[in-house]
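Modelling step: build the complete structure from the supplied sequences, incorporating the hints.
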Amino acid sequence: MANILAVGIATIDIINRVSHYPKEDDEVRAVSQTIRRGGNATNTLVVLSQLGHQCAWSGVLIDETDAAIVKNDLAEHQIDLRYCKVIPHGKLPTSYINVSESSGSRTIVHYRDCPELDFEFFSQIDLNAFDWVHFEGRNVHELEKMLSWLKTHFPHLPCSLEIEKPRDGIEQLFSLADVLLFSQPYAMNQGFKSAQSFLQSLTMESIMTCTWGEVGAWLKANNKIINSPAFPPPQLVDTLAAGDTFNAGIISGLAQQYSLEKTLEYACRLAGQKCGQDGLKNLTLP
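Oh and the sequence shown: position 141 is 141 in the UniProt record's numbering, straight run, nothing missing.
Calculated directly from the structure, the hints in this document are not laboratory data.
As the structure is a prediction and not an experimental result, all values here were calculated from the model.
Where a beta carbon is used, it is the ideal one built from N, C-alpha and C, also for glycine.
Please note: incorrect hints may appear among the correct ones.
Unchecked claim - Listed next, with one range per pair, are the computed distances between beta-carbon atoms:
(1) Ile-108 to Lys-281: 31 to 41 Å
(2) Leu-236 to Ser-148: 39 to 49 Å
(3) Pro-229 to Ala-129: 36 to 46 Å
Unchecked claim - Keeping only pairs whose Cα atoms sit at most 30 Å apart, straight-line, the calculated DSBU-like set for lysine-lysine is:
(4) Lys-91 to Lys-281
(5) Lys-71 to Lys-165
(6) Lys-165 to Lys-23
(7) Lys-91 to Lys-193
(8) Lys-262 to Lys-165
So this is what it looks like as structure tokens:
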């Protein structure tokens, strides 16, 4: 199995489960409330760890009470925290999430008082120990320096980049990653109505994926596009982190040199299984 480093954020997720999403200025009672660790990069690592990979996280960790939620959860999944930058002041990013039981949707309000990881810190990490580096697509200015440095000093070390949201200048990063993981909201923001048409418009030589909810996912490599259907669970429980789970499936499959077809189907099956359960624990496929 691979030794994988992910660069991104960890959050505190406060999840209120409601019977239905409230109207504006409405008051509803939560069915339940859960407080747990979140964040795209760390979610992906938690899944990869359960798939048998050795995982490490590089991000900013603030020395405050809530940090124990992040550290304890990642330690439970054997994720190495030695590459984190710990600072004394601020507040860990916090996501307030409403999950609708009637539709399975999740609506997020996010607050942060935490700086992004900087290139200077990242450049001090010894990457010789890793087989793969995954980046969460945020903080474009610093990320461009990280990716360029990685390609200069470790040209044979595969790297993946998640593009979940449109961010100023993020397109300039596309040529620097070996694998590009696009979300449906990003593709739609660019004016596309299908994953296939979006991928057809791209000319990079990277392996590229684009998820499209219940329709499935598409992958482009060597100017060829393939797709896999979605594998919905018998009952939709929780879609939170389904995209992060899909990304973990793609990284795991490619790191193990699965065929592209097998990798894409594996990622879709894994994401489908995640949607049928609450949270990320015990998430594996035969």
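Going through the hints against the structure:
Checked against the given bound of 31 to 41 Å, the beta carbons of Ile-108 and Lys-281, roughly 21 Å apart, lie outside it. Distance hint check: the CB atoms of Leu-236 and Ser-148 are about 41 Å apart, consistent with the given range 39 to 49 Å. Against the hinted window of 36 to 46 Å, the Cβ-Cβ separation of Pro-229 and Ala-129 comes to about 37 Å, which satisfies the hint. As the CA atoms of Lys-91 and Lys-281 are separated by approximately 26 Å, the hinted pair is consistent with the 30 Å bound.
The straight-line distance between the Cα atoms of Lys-71 and Lys-165 is roughly 26 Å, inside the 30 Å bound, and the hint therefore holds. At most 30 Å may separate the alpha-carbon atoms for a hinted pair to count; Lys-165 and Lys-23 meet this at roughly 25 Å. Our distance criterion of 30 Å between C-alpha atoms is broken by Lys-91 and Lys-193, whose separation comes to about 38 Å. For the hint pairing Lys-262 with Lys-165, the CA-to-CA distance comes to about 27 Å; that is within 30 Å, so the pair holds.
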